[in-house]
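Number of protein chains: 2
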Amino acid sequence: MRHSLSPLLTDFYQLTMMQAYHDSDMHEEAVFELFFRKLPPERDYLVACGLEQVLEYLENLRFSEDDIDFLRRDGRFHERFLNTLVDFRFTGDVHAMPEGTIFFPDEPVIRITAPLAQAQLVETRIINILMFQTMIASKAARIKQVMPDKILVDYGLRRAHGAEAGIMAARASYVAGFNGTATVLAGKLFDIPIFGTMAHSFIQAHDSEHDAFLHFGMSHPQNTILLLDTYDTEKGAMKVIEMAEEFKKHNITVRGVRLDSGDMIELSRRVRKILDDGGMKDTLIFASGNLDEYSLESFHRQNAPVDGFGIGTKMTTSADVPYFDCAYKMVEYKGLGRRKFSKGKSTWPGRKQVFRHFRNDGIMSDDSLALENEQLSGTPLLHQHMRSGSRIEPPSGLAGTREYFLHQLTTLPSFDREKIYAVKPSPALQTFADSVTERMQRNNR
Amino acid sequence: MRHSLSPLLTDFYQLTMMQAYHDSDMHEEAVFELFFRKLPPERDYLVACGLEQVLEYLENLRFSEDDIDFLRRDGRFHERFLNTLVDFRFTGDVHAMPEGTIFFPDEPVIRITAPLAQAQLVETRIINILMFQTMIASKAARIKQVMPDKILVDYGLRRAHGAEAGIMAARASYVAGFNGTATVLAGKLFDIPIFGTMAHSFIQAHDSEHDAFLHFGMSHPQNTILLLDTYDTEKGAMKVIEMAEEFKKHNITVRGVRLDSGDMIELSRRVRKILDDGGMKDTLIFASGNLDEYSLESFHRQNAPVDGFGIGTKMTTSADVPYFDCAYKMVEYKGLGRRKFSKGKSTWPGRKQVFRHFRNDGIMSDDSLALENEQLSGTPLLHQHMRSGSRIEPPSGLAGTREYFLHQLTTLPSFDREKIYAVKPSPALQTFADSVTERMQRNNR
Chain A
2 MRHSLSPLLT DFYQLTMMQA YHDSDMHEEA VFELFFRKLP PERDYLVACG
52 LEQVLEYLEN LRFSEDDIDF LRRDGRFHER FLNTLVDFRF TGDVHAMPEG
102 TIFFPDEPVI RITAPLAQAQ LVETRIINIL MFQTMIASKA ARIKQVMPDK
152 ILVDYGLRRA HGAEAGIMAA RASYVAGFNG TATVLAGKLF DIPIFGTMAH
202 SFIQAHDSEH DAFLHFGMSH PQNTILLLDT YDTEKGAMKV IEMAEEFKKH
252 NITVRGVRLD SGDMIELSRR VRKILDDGGM KDTLIFASGN LDEYSLESFH
302 RQNAPVDGFG IGTKMTTSAD VPYFDCAYKM VEYKGLGRRK FSKGKSTWPG
352 RKQVFRHFRN DGIMSDDSLA LENEQLSGTP LLHQHMRSGS RIEPPSGLAG
402 TREYFLHQLT TLPSFDREKI YAVKPSPALQ TFADSVTERM QRNNR
Chain B
2 MRHSLSPLLT DFYQLTMMQA YHDSDMHEEA VFELFFRKLP PERDYLVACG
52 LEQVLEYLEN LRFSEDDIDF LRRDGRFHER FLNTLVDFRF TGDVHAMPEG
102 TIFFPDEPVI RITAPLAQAQ LVETRIINIL MFQTMIASKA ARIKQVMPDK
152 ILVDYGLRRA HGAEAGIMAA RASYVAGFNG TATVLAGKLF DIPIFGTMAH
202 SFIQAHDSEH DAFLHFGMSH PQNTILLLDT YDTEKGAMKV IEMAEEFKKH
252 NITVRGVRLD SGDMIELSRR VRKILDDGGM KDTLIFASGN LDEYSLESFH
302 RQNAPVDGFG IGTKMTTSAD VPYFDCAYKM VEYKGLGRRK FSKGKSTWPG
352 RKQVFRHFRN DGIMSDDSLA LENEQLSGTP LLHQHMRSGS RIEPPSGLAG
402 TREYFLHQLT TLPSFDREKI YAVKPSPALQ TFADSVTERM QRNNR
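Chains as they are written, first to last, in our numbering: chain A, 2 to 446; chain B, 2 to 446.
Errors might be hidden in some of the hints.
If chains are identical, the list can't say which one is meant, so a pair holds when it fits in one copy or spans any two.
[Said to hold, decoys possible] Below, in silico cross-link-like pairs of lysine to aspartate or glutamate (DMTMM-like), each with a Cα-Cα straight-line distance of 25 Å or less:
1) K335 <-> D283
2) K425 <-> E80
3) K346 <-> D208
4) K39 <-> D75
5) K425 <-> D264
6) K425 <-> D26
7) K189 <-> E57
8) K346 <-> D233
9) K39 <-> D321
10) K39 <-> D293
11) K39 <-> D417
12) K249 <-> E235
13) K236 <-> D278
14) K249 <-> D233
15) K282 <-> D233
16) K249 <-> D208
17) K189 <-> E60
18) K420 <-> E53
19) K240 <-> D26
20) K346 <-> D293
Just so you know, these hints were derived from the structure itself, not from any lab.
No experiment lies behind these values; they were computed from the predicted model shown.
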């Protein structure tokens, strides 16, 4: 994915501003933080995800000759500036919440500290990476909450918004507790377990469902999951039972069956009974088709005998909330705090830390939003991951990240419509913010 | 974007089915067609987009040694099958509606004719490419309809679902009549005009708005667009007027100003008056911030003096309809028509063509959905683009595609809530479908 690392994967204004910074000799250290604004009613919390791809992007950011030639032909840049791009590197620091961290609005999920032009250029891609993976992990986490003990598999690639979205949705949902994905490339890239069954077209390519079941079983005797609904789900289940002797003859173990249409809660009961009565008590039932946390709630309430779910479109597009209002804002430049103070869009200035507090029973109680150098009680959530453009630790696998998230999920309080989790600015942060407002307003009278 | 061409960018079941087809010697020609199901109330029509990326994918599809090793380590495939992947190529035909074609539910937008395993493998990525770009082009077209004569610029990259989504949204919105994009890499890859202004952080990095305006102007004297709302939009506009002499001294032309918050319709009037009274009648006004066709409708109705719009999140995520129900279905195998005939999900069998009819005044009247070999009146919409795995024509630029779409837009009828565009199956197609149902049901009794 070379394009995913290109410095041209940015908004044009980042480059025109870079030239202006160059012309004005504005090379001092700037600090930007990314945070999410107020959550929509469909979400109570967020799950940080995508930091690994941000670090990879920052470590590999280079303008190729071809990139610079393209900008030269554009005609809006001068040679003095273009020449600086040849040796451009990201040389800054990155502090961030580890992936899998549960967080809330106004809390910085990542902080970039770097010479102004560098910190500015990377804005677009950092938001692009972190908003998407965080959105997907946050959606998948809700599904995991409804079905904590079932097999959950990402089926979303086909309706994801492009290749990267499909791959990264597999990654983000795995972090949030899914068991695996159907997307082969995501399995390869991130060592995620890969799941799969068969499609309707497989059945339709055969003259009969019987032949299709037998052919698939003979090709995958240890890994046979049969799709039942191409013609009629219950008749499909009965066919599986009728074929028991044939399967046995060819040493085929039918590990599971899949339902993909109809009233799947009712069908799962009937199919379970057909399988149990036919002596296939160990054969698992999978369900798929337009599922999300809202529909899974019904499966849960009605105790449907489904062992695993394939979750596609609605998770991979975060269909009920397909974007979040998040911003990457300058909080300091040349050692001075900076902020926006326009109504409804004001931001907290300065380098910040989040301190989390827990109740005696281990459940999260509230967070303090404080200045980085404050020594407050609680668990600090941001840690340093990059120093002077280099990672502090090599990338680690996702298994630990997933465990870290799943542990946190056990500390999540219950939410109701009235109550949002408390994120309180510290007194020192409030005082600092007021002083920044006062200074900025004075300069712009 | 190597990953975007990987044969592993697919669902695992495509590979397990391929092995089963291999084991059963099912290598005959199969035909699949991709179509969209019923549209949601927010959409009246669709705009085909993404064919170029599908052709590029099909032409370059290769399993690397590394890919095959990965599948070997997975343990669910046998050597006889894995060995066939070394020389795997897509050798089929592609018929499709050209990009920019306006189309409707049930109409095949692409047809793949290839040996069964090939046609099966590519399903996931073809849907992934075509659904997304078609969704974005269809959304952008609605914006173009509301604002046919304004400058429309894609600002969406940061909240797009990953890198590819951002790049391809720039492409799809350009096809649908946008004037350009802020995404530099999309401009480079597809020769799309690139637009940009400045960010709030640029203003905030300076001690005063005055210094920020001046520095930007000096760095980009012919390309200065100033962001007005960092502190106060009207005061920002007055500052531009006050600085007229300074700008003149440095040969700076202020081409435009940008509004990004507040009541932008009212503000655009006030800012226009301030600029006009200050002698800057030629300075353009741009607006951005959470815009889509619904909010632009108000700008239009109230005749707001805005010359151009930056359209971001809601277009690039197609926020009101972030996915479509579309399917890639087998319509023929071994010379026999195939279909699904389950309730509400039935599909039309056979290789099909769409014939479009126009009224005397040139406006589209209705489409016939027919078998490919029928000779009906009307304009056929599907054409052949690939033969035996090779493109018939080299890729052409987007300018012609954009013109083709814009011409069609002039032939679009007006829609109202009650009336949907008529897509009528031909009598021959209906008869054929019935015969296919009859045969398939007989075989599965």
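Against the structure, the hints come out as follows:
| no. | hint | result |
| --- | --- | --- |
| 1 | K335 <-> D283 | neither (66 Å within a copy, 37 Å between copies) |
| 2 | K425 <-> E80 | neither (48 Å within a copy, 60 Å between copies) |
| 3 | K346 <-> D208 | between (62 Å within a copy, 20 Å between copies) |
| 4 | K39 <-> D75 | neither (39 Å within a copy, 43 Å between copies) |
| 5 | K425 <-> D264 | neither (46 Å within a copy, 30 Å between copies) |
| 6 | K425 <-> D26 | neither (38 Å within a copy, 66 Å between copies) |
| 7 | K189 <-> E57 | both (17 Å within a copy, 23 Å between copies) |
| 8 | K346 <-> D233 | between (55 Å within a copy, 13 Å between copies) |
| 9 | K39 <-> D321 | both (16 Å within a copy, 19 Å between copies) |
| 10 | K39 <-> D293 | both (23 Å within a copy, 21 Å between copies) |
| 11 | K39 <-> D417 | within (16 Å within a copy, 36 Å between copies) |
| 12 | K249 <-> E235 | within (21 Å within a copy, 80 Å between copies) |
| 13 | K236 <-> D278 | within (14 Å within a copy, 79 Å between copies) |
| 14 | K249 <-> D233 | within (24 Å within a copy, 78 Å between copies) |
| 15 | K282 <-> D233 | within (21 Å within a copy, 70 Å between copies) |
| 16 | K249 <-> D208 | within (22 Å within a copy, 80 Å between copies) |
| 17 | K189 <-> E60 | both (22 Å within a copy, 23 Å between copies) |
| 18 | K420 <-> E53 | neither (32 Å within a copy, 50 Å between copies) |
| 19 | K240 <-> D26 | between (76 Å within a copy, 24 Å between copies) |
| 20 | K346 <-> D293 | between (32 Å within a copy, 20 Å between copies) |
Of the numbered hints listed earlier, those contradicted by the structure are 1, 2, 4, 5, 6, 18.
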